[in-house]
Amino acid sequence: AASVPNLVGGSADLTPSNNTYLDGSPEFQASSPEGRNLRFGVREHAMGAAVNGMALHGGLRPYGGTFLVFSDYMRPAIRLAALMGAPSIFVFTHDSIFLG
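Our numbering numbers the first residue of the sequence shown as 4 and each following residue consecutively.
Careful: at least some of the hints might be erroneous.
Restraint ranges, calculated between C-beta atoms of paired labels, are given here [as the list claims (entries may be wrong)]:
| no. | residue 1 | residue 2 | range |
| --- | --- | --- | --- |
| 1 | 72 | 6 | 27 to 35 Å |
| 2 | 32 | 94 | 20 to 28 Å |
| 3 | 100 | 36 | 35 to 43 Å |
Simulated from the structure, these hints should not be mistaken for lab results. Remember, predicted model here, so these are calculated numbers, not experimental data. Backbone N, C-alpha and C fix where the C-beta goes; we use that ideal spot for every residue, glycine too.
Model the full assembly from the supplied sequences, consistent with the hints where possible.
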């Protein structure tokens with residue numbers, strides 16, 4: 004993360020499970036606006052839309068992570084990222100029949 008200072012992102016409430024926390028950077032909030040870790044909550048679609056918006060605005064290299072099984076909830080945002088050519092990063096981890 005230190006070599007990509009404009010990298011910013013987080014997870015849909017699964018940060019410890021999919022290892023999307025940027026060490027050495029605080030969470031983005033009013034008391035630490037320099038933070039690069041975002042908490043999207045259990046909102047996969049909103050996370051995808053926010054990542055796309057940040058990517059299209061420019062200046063940041065945003066990412067969002069969740070379990071692969073939950074990618075269905077953000078399918079419209081993923082599709083729009085592809086259609087718009089947005090440089091969004093989507094991190095999908097460990098799919099399993101025991102998830103979801």
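Cβ separation of residue 100 and residue 36, checked against the hinted range 35 to 43 Å: Between residue 100 and residue 36, where Cβ atoms are some 41 Å apart, the hint holds.
Residue 94 and residue 32 - C-beta distance against the hinted 20 to 28 Å: holds, 22 Å
Consistency of beta-carbon spacing, residue 6 to residue 72, with hint 27 to 35 Å: With Cβ atoms ~31 Å apart, the hint holds.
Every hint from the earlier list agrees with this structure, and none is contradicted.
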